[in-house]
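Protein chains: 2
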Amino acid sequence: MKAMNVGLLGIGTVGGGTFSVLKRNSEEITRRAGRPIEITVVADKNLELARKVTGGACRLTDDAFSVVTDPDVDIVIELIGGYGIARELVLKAIENGKHVVTANKALLAKHGNEIFDAAQKKGVMVAFEAAVAGGIPIIKALREGLTANRIEWIAGIINGTTNFILTEMREKGLPFDVVLKEAQRLGYAEADPTFDVEGIDAAHKLSIMSAIAFGNRVSFDQASVEGITKLEAVDIKYAEQLGYRIKLLGITKRMPEGVELRVHPTLIPSKRLIANVEGAMNAVLAKGDAVGATLYYGKGAGAEPTASAVIADLVDVTRMHTSDPENRVPHLAFQPDAVVDLPILPLAEVVTSYYLRLRVEDKPGVLADITRILADHQISIDAMFQREPAEGEDQADIIMLTHQTKEKNIDAAIASINALSVVTGKTIRLRMESLL
Amino acid sequence: MKAMNVGLLGIGTVGGGTFSVLKRNSEEITRRAGRPIEITVVADKNLELARKVTGGACRLTDDAFSVVTDPDVDIVIELIGGYGIARELVLKAIENGKHVVTANKALLAKHGNEIFDAAQKKGVMVAFEAAVAGGIPIIKALREGLTANRIEWIAGIINGTTNFILTEMREKGLPFDVVLKEAQRLGYAEADPTFDVEGIDAAHKLSIMSAIAFGNRVSFDQASVEGITKLEAVDIKYAEQLGYRIKLLGITKRMPEGVELRVHPTLIPSKRLIANVEGAMNAVLAKGDAVGATLYYGKGAGAEPTASAVIADLVDVTRMHTSDPENRVPHLAFQPDAVVDLPILPLAEVVTSYYLRLRVEDKPGVLADITRILADHQISIDAMFQREPAEGEDQADIIMLTHQTKEKNIDAAIASINALSVVTGKTIRLRMESLL
Chain A
1 MKAMNVGLLG IGTVGGGTFS VLKRNSEEIT RRAGRPIEIT VVADKNLELA
51 RKVTGGACRL TDDAFSVVTD PDVDIVIELI GGYGIARELV LKAIENGKHV
101 VTANKALLAK HGNEIFDAAQ KKGVMVAFEA AVAGGIPIIK ALREGLTANR
151 IEWIAGIING TTNFILTEMR EKGLPFDVVL KEAQRLGYAE ADPTFDVEGI
201 DAAHKLSIMS AIAFGNRVSF DQASVEGITK LEAVDIKYAE QLGYRIKLLG
251 ITKRMPEGVE LRVHPTLIPS KRLIANVEGA MNAVLAKGDA VGATLYYGKG
301 AGAEPTASAV IADLVDVTRM HTSDPENRVP HLAFQPDAVV DLPILPLAEV
351 VTSYYLRLRV EDKPGVLADI TRILADHQIS IDAMFQREPA EGEDQADIIM
401 LTHQTKEKNI DAAIASINAL SVVTGKTIRL RMESLL
Chain B
1001 MKAMNVGLLG IGTVGGGTFS VLKRNSEEIT RRAGRPIEIT VVADKNLELA
1051 RKVTGGACRL TDDAFSVVTD PDVDIVIELI GGYGIARELV LKAIENGKHV
1101 VTANKALLAK HGNEIFDAAQ KKGVMVAFEA AVAGGIPIIK ALREGLTANR
1151 IEWIAGIING TTNFILTEMR EKGLPFDVVL KEAQRLGYAE ADPTFDVEGI
1201 DAAHKLSIMS AIAFGNRVSF DQASVEGITK LEAVDIKYAE QLGYRIKLLG
1251 ITKRMPEGVE LRVHPTLIPS KRLIANVEGA MNAVLAKGDA VGATLYYGKG
1301 AGAEPTASAV IADLVDVTRM HTSDPENRVP HLAFQPDAVV DLPILPLAEV
1351 VTSYYLRLRV EDKPGVLADI TRILADHQIS IDAMFQREPA EGEDQADIIM
1401 LTHQTKEKNI DAAIASINAL SVVTGKTIRL RMESLL
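Going line by line, the protein sequences match chains A and B. Each residue of the first sequence is one higher than the one before, starting from 1 at the first, in our numbering. Each residue of the second sequence is one higher than the one before, starting from 1001 at the first, in our numbering.
These aren't lab readings, by the way, just hints derived from the structure by calculation. Do not take every clue at face value.
As the list claims (entries may be wrong) - Capping the alpha-carbon separation at 27 Å, the derived lysine-lysine pairs in BS3-like fashion look like this: (1) A:K287 to B:K1023; (2) B:K1172 to B:K1237; (3) B:K1271 to A:K287.
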């Protein structure tokens, strides 16, 4: 059967991985897809690199726009990244009737609605398995595997850099700054780590998963995002003593009033499987009303794991390109006319339980003052312990776990607590999830 | 759009779950599938039960053959089980141009090749997500999510009954018989638990996964199967002391000489995520050459988790039924003309490492005799410890972990060891896997 012709935009890490996996496994992939899938043209500004990676096996150009308008190209793989030129190229490819495969989470988080609308109108597919959790087929699982379910929530470790850092902080008891430098040295973190450590990359991925889980428009701009830069090793240690691990989770929940969409460090029970996902690995836990909790685990980044997802999309597109567009898997899992615009809840309205660490003077009545304030805000305490001052100190740490409450209640209570003269440091507040 | 009409055969646990989930989530499922999916007729010998479960919402019959020949039925769900009448009904449905969705692992393990051939000839789909690991979308992950990969091996906890029993044996230190009775009392094991505890159910599921992973014919009849009935609590304890857990794993590996296809209790490192899958939960670990190891976890049985998979298949069939058969996902993941007949390796040829427990007289020279025999068979020792005899006893336990060797070597060595006069009990041998 006639080969599918693919134009590849960007021959960096993932592009190189895609090229080499597609070549190495071409026989097996053809046996699955029913026809060869061939990269016939590669566009990259760095033609020398492109020549080195491809070994002259296909046409090269430094003009990506010539690829997205090339009548001989069936599918365009966009691996340029960012949301400037990538957006233009993807829209131009769609306009020219090309199917698109992309790993670009930032682009879809920012411009997904526009891109999916354009693809829908043109009757082409935009596939994006590689945009979330690398090689883990999580988009397929959510969009096709759990179609029977009313999905209730998703919680994911979807950024390998931060999970690596948190694992090292816990295992070695080291502060964030030290571990970040180590991660940079080992190549787990970039020179400018902002996107990863501030939770933005996780929020990009989360907002895509949230949309396909709930049949909602992509709502990245309304996500609440908090990274791990302010997290202290001492809280990781206290959490562990209480039977919890701290993970940077992307959490999205369907509530009666709207959708929660938030990324932040989170205490989760150590005995949960996802709490034991360590190092740079990713995992997504999805709860459906029929299936219960399911978990998907694997490598969330890297050349070949990401290439695995890119190529799975190529095979899917190859299989579906002749079917009528109405019967294809919809971009956002729900039919375009059934996608709704559920409100995203502000953090103040989120209901969860909390970990508090208070630094107080070690004298009588302190605990009574604090628990009185919590009671006044309808916050009840689930567990508590006090770390007595060391020899020569006169300040103690009080660690509390609360039952569920609205975030605005806990914040009001903390403001009152911080105003007490016996409270000598800023109270640390972390969110907790039971993930049941 | 016109509804898809579904005929349901068997309204037991999973049938009832399918009926109620499809009803409860019909709005959300329609928003995904693009058209309603309706169970229009139910066949069951027990008409009273059928009436109670369906509440008169659809036509009932006690003649399943009338459903598979009904011109108004688009899709038949087979939930009768077994491979007698179920095989006849599925083949008759295919003959009549119906698509089939089934949860029947025994049927597909025994007659999958015949059934898929018939479906292929007729241009209809036989979908079977529910046949393996209940609600976990593992068939979809293997067949569509990992298409870029040369899959190297799969290892799965794919029987909830035995995983529940092993978890209880480890946590409570109880023997198999006692825990089995408890599992039966709690409904985790059937009155006749043979299929589960002897590993046959796991082998059914494994042989289906093996076929779609490697593009091989379904080869259940050549699987090597060993259950957990002879497993002793003391070995679970020793394994734990050495940093391992014992799980009943279904393992299939692609080797240069053929395919390993085996179910048996297996020591795996406690720190692996899959070692921490407890109770009746299922998990499948799949290793691809590009993606690395990925894990899929969830409920492997029960009314609604299994219904989740059945309905996901209904949605898939609804989406794909208008597409040309050549472009659908092939039944066995590979195109029919690309499915091969790789040899299944006998256990004697399997290469793995081993846990040995020897009962010996506590006197000088014993260890020298044993290690000499192992060395003569080219088996090297990775770790060893000796449990000294208790007060008043004169026999000691020696526990050894070996490096990798062929099973026929270890068996020959054990025969020689058992012949030593200082060895007073039958040597226990368990297989180990590093799962890396």
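Just to be careful, I want the Cα atoms of B:K1271 and A:K287 compared with a cutoff of 27 Å; is the pair within it? holds, 25 Å
Measure nothing beyond the straight line between the CA atoms of B:K1172 and B:K1237; if it is 27 Å or shorter, mark the hint as holding. holds, 10 Å
With a cut-off of 27 Å on the C-alpha distance, tell me whether A:K287 and B:K1023 pass. With Cα atoms ~19 Å apart, A:K287 and B:K1023 stay inside 27 Å; holds.
Checked against the numbered hints given earlier, this structure breaks none of them.
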